[in-house]
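Put chains B, C, D and E on the given structure of chain A with help from the hints.
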Amino acid sequence: MFLARVEGNLTATRKHPSLEGWRLIICQPINQAGEAEGAPQVAIDTHGAGMHERVIISSDGMATRKAVGDEKSPARWMITAIVDETQPA
Amino acid sequence: MFLARVEGNLTATRKHPSLEGWRLIICQPINQAGEAEGAPQVAIDTHGAGMHERVIISSDGMATRKAVGDEKSPARWMITAIVDETQPA
Amino acid sequence: MFLARVEGNLTATRKHPSLEGWRLIICQPINQAGEAEGAPQVAIDTHGAGMHERVIISSDGMATRKAVGDEKSPARWMITAIVDETQPA
Amino acid sequence: MFLARVEGNLTATRKHPSLEGWRLIICQPINQAGEAEGAPQVAIDTHGAGMHERVIISSDGMATRKAVGDEKSPARWMITAIVDETQPA
Amino acid sequence: MFLARVEGNLTATRKHPSLEGWRLIICQPINQAGEAEGAPQVAIDTHGAGMHERVIISSDGMATRKAVGDEKSPARWMITAIVDETQPA
Chain A
25 MFLARVEGNL
35 TATRKHPSLE
45 GWRLIICQPI
55 NQAGEAEGAP
65 QVAIDTHGAG
75 MHERVIISSD
85 GMATRKAVGD
95 EKSPARWMIT
105 AIVDETQPA
Chain B
25 MFLARVEGNL
35 TATRKHPSLE
45 GWRLIICQPI
55 NQAGEAEGAP
65 QVAIDTHGAG
75 MHERVIISSD
85 GMATRKAVGD
95 EKSPARWMIT
105 AIVDETQPA
Chain C
25 MFLARVEGNL
35 TATRKHPSLE
45 GWRLIICQPI
55 NQAGEAEGAP
65 QVAIDTHGAG
75 MHERVIISSD
85 GMATRKAVGD
95 EKSPARWMIT
105 AIVDETQPA
Chain D
25 MFLARVEGNL
35 TATRKHPSLE
45 GWRLIICQPI
55 NQAGEAEGAP
65 QVAIDTHGAG
75 MHERVIISSD
85 GMATRKAVGD
95 EKSPARWMIT
105 AIVDETQPA
Chain E
25 MFLARVEGNL
35 TATRKHPSLE
45 GWRLIICQPI
55 NQAGEAEGAP
65 QVAIDTHGAG
75 MHERVIISSD
85 GMATRKAVGD
95 EKSPARWMIT
105 AIVDETQPA
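Top to bottom, those sequences are chains A, B, C, D and E. Residue numbers for the first sequence, in our numbering: 25 to 113. Residue numbers for the second sequence, in our numbering: 25 to 113. Residue numbers for the third sequence, in our numbering: 25 to 113. Residue numbers for the fourth sequence, in our numbering: 25 to 113. Residue numbers for the fifth sequence, in our numbering: 25 to 113.
Chain A extracted, bound-state conformation (with noise of 0.2 angstroms):
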């Protein structure tokens, strides 16, 4: 799971039909110091995650289509929680 800075969100009216509904958020890899660190990833939110908030994504395909309903969706990285702060080590 990738600590990860909320950038923008995104419209689509051509989607998978799976897609209907969700926001989609674009996720910004960070590290602690608040770097970029590699691409983007569009994850589906099912927290409100405001925008510029750091958030945790993760890759689960499993989970993401069961967040979103159907065990075809093609749906995969969603937001698994906002956070509050962290504690560098």
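Hints listed in this document are in silico derivations from the structure and should not be mistaken for laboratory results. One or more hints might be untrue.
Just so you know, same-sequence chains aren't split out, so a pair can sit in one copy or run between any two.
[Stated by the list, open to error] Keeping only pairs whose Cα atoms sit at most 25 angstroms apart, straight-line, the calculated SDA-like set for lysine to any residue is: (1) Lys90 <-> Gly74; (2) Lys90 <-> Ile106; (3) Lys90 <-> Thr37; (4) Lys90 <-> Thr70; (5) Lys90 <-> Asn33; (6) Lys90 <-> Trp46; (7) Lys96 <-> Thr37; (8) Lys96 <-> Ile106; (9) Lys96 <-> Ala60; (10) Lys96 <-> Asp108; (11) Lys96 <-> Pro41.
Quick look at chains B, C, D and E alone, frame taken from chain A:
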């Protein structure tokens, strides 16, 4: 799922039979500024994505196998949405 | 499985219920020289890893779901070992 | 699935029995300009790919296990197509 | 599957019970020129790989779990072959 840009397509005479008849699209993962992030992926297209369009691609093997209708297919990555617009955070 | 260093932990009030009660540890993949390699991962900790300790983390979703006891959990990545020492080649 | 270029092959006397008799090809992921992107992968070849040819490789473990005919094989990554040509966007 | 070089091993007293008794090898993915590519992986060794040897490593979780004999193990990545030689394209 990656935000990506359609950068080309490819033809292949010799290929796994499950890929027969599908458009094979070269999709470059990008960030919100449109800059390339990492290696391009070859994805199955079921939405008729146009060149230079922004799309969401998913690595889900199970969903891609179902899309091509062959449970033994090595196909992975499919275009799951055509992006209308993104709203930066 | 990555060799990683414990770099912090995080708290999250809003989260998937399966993450309730588990320590969420920020683990930075490293090489043998201790240099960071790629993006940090957030992992479940069942071993009581201390800050700055070196650990092995695994991305296995199935094992992590079993560890948290919820077959529908999006949890991935768990600390699978606390490293005593490494012997360079 | 990655667009990749065949960069070599390798021989291995000591190996998992399921790899016996298969060509093991070193495939370098590339972009459309032919530039290397990330680490090379070792893939099973069922198509007779020639050196320097461009191919599509897939990480699908299930399909690769079926290709080698051993449900317990650790084999992953197989060449799924030989590219005739690419059309840039 | 990555081409990799054996760069060390590690010991861990506190670990998932399924890792008990297995050699844990630090494997650095490399290209054909022997240059490091990406983060090292910790892999189970069933072949007796020697230090500095080149190996093929696979991320297959299912196969690794079968190798260690525990269906709930978080073990991933195993050495699947010891490379005799590579032939550049």
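Exercise. Honestly, which of those hints from before does the structure not fit?
Worked result: 9
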